[in-house]
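Chemist: The primary structure of each chain is shown beneath.
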Amino acid sequence: MNCPRLKSWFLERYNFDEIRDLAKQKLVPIHKYEIWYLTGGITLFLFIIQFITGMVLSFYYIPYFEHAHKSIIEIVTKLNMGWFFRSLHHWGAQIAIVVLFIHVWSCLLLKAYRKPREFLWFSGFILLGISIFFGLSGYLLLWDERAFAAVRVATGGAGNLPVVGEFIKAFLRGGIDVTGDTLTRFYAFHVSVLPLVTILLIGFHILLVQYHGMSVPLSVKKEECKETPFFPNLLYKDLIIWLVVLGIVVTLATLVPPEIGKKADPLAPAPENIKPEWYFLFLFQTLKLFPGEILGMNGETIAILLITAGILFFFLIPFFDRKSQRGEKSTLFTWIGVIYFLYFVIMTVIGFVS
Amino acid sequence: MKRMLTALIGMFISAADVFAQQDKIDVFPAVPYDRFIVYQNLIIFWAGIIGLIVIIKMKLREIERTQKLGIDKEEKDIPVLD
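Protein sequences, first through last, are from chains A and B. Counting in the numbering used here, the first sequence runs without a single skipped number right up to 354 at its last residue. Counting in the numbering used here, the second sequence runs without a single skipped number right up to 82 at its last residue.
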């Protein structure tokens, strides 16, 4: 399609050559670990899928506790392709969190957080936290008995934090217990607060990537490292991997559509063998390891404190890893990353199997 | 007696509602023909994806070839014919 008049109309107003030159000037290092650069792009692509499918679902979802569950059943059973969009949203979220975890760990093991990219690490880590909260808030919107019980456990766990715990619990629940108010609140988080914060943070994250450029691992020598233009070389590679990911998400959405449980009943006891979503399993399993009381103190509070300290250490790693800051190899922090990874995987598997 | 009977009938009707509830909600088209269409479309979708990947890969290879030869850069101050 060639529209010279339309083209000249735009060219009179915008200098596309300048933008094209700018895109061509951006260079990306190529080395044996370059495949990990793609995980950031995949996450962005999955976020876009989530935004689109989420918008479609929000046209029909009713965020009121009496109608929420029924509205989802109607989306799935009565709307044309409704089951597919819901399934796509579900699997898109699951894979987005998997890829985000891989992205975070790859950055940790390749020491991509080192000076001057500390804020890239912080913004990425906060995005991971937001994505998990996206998952939790979206899970409750189903308003089935499993989601209800899982959110009750998760928000109850937050309540065990000393000093601020009760406030966080009440803020999340919108009251003493999980009720219809919690559903309304979680819906507001899921469709307005979290997307807005996510867009701002993604913008900030991408801006920082452009500003600092891609991080090159310490083990890759400068003379060995070549550079390739981002446009079109890396963009085409991104497109290929995005298409593969789209295929995987669509296949999972078609072959394994998520089930819908019975409508939540706040007065009914929690169903047996209740488990949270897979990305909370390691926390759930850790809490199980602790006895009810340790030295006269609440065991769960101690567990929550230790987990918080562990997450905080992970978050502040750029400040602790002094060797990487100086541009030296830091084997200790590689091992710390490996231990964190193994702990997460083992606890998740145990939680899944038990 | 009449009240008791009405209450009893009401109870049975409520109990029937429990049995009438579906155990599992269909989260996928239940009609075999619809299922067939879905699976067929999934295969076509994958064929499209593979085709697109092949096209992009060919395009990328061509770009890399021209970059290697150094003929991808536009010459500055090139005379314009118009």
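These are computed hints drawn from the structure, not numbers from a lab. Please read all numbers here as calculations on a predicted model, not as lab measurements. Check the hints yourself; a few may be wrong.
Pairs of lysine to aspartate or glutamate, EDC-like flavour, derived with a Cα cap of 16 Å [what the hints assert, rightly or not]:
1. B:Lys73 with A:Asp17
2. A:Lys24 with B:Asp72
3. A:Lys226 with B:Glu64
4. B:Lys24 with A:Asp21
5. A:Lys24 with B:Glu64
6. B:Lys73 with A:Asp21
Chemist: Against this structure, judge whether each hint is valid.
Modeler: Evaluation of the provided hints:
1. Pair hint Lys73 of chain B plus Asp17 of chain A holds up; C-alpha atoms about 14 Å apart against a cutoff of 16 Å.
2. With a CA separation close to 11 Å, the supplied pair Lys24 of chain A and Asp72 of chain B stays within the 16 Å bound.
3. For the hint linking Lys226 of chain A to Glu64 of chain B, the alpha-carbon distance of about 14 Å falls within 16 Å, and the restraint holds.
4. Between Lys24 of chain B and Asp21 of chain A the alpha-carbon distance is near 57 Å, which puts this suggested pair outside the 16 Å criterion.
5. As the CA atoms of Lys24 of chain A and Glu64 of chain B are separated by approximately 14 Å, the hinted pair is consistent with the 16 Å bound.
6. Between Lys73 of chain B and Asp21 of chain A the CA atoms are separated by roughly 11 Å; this keeps the pair inside 16 Å, and the hint holds.
This entry does not satisfy hint 4, going by the numbered hints stated previously; all others are met.
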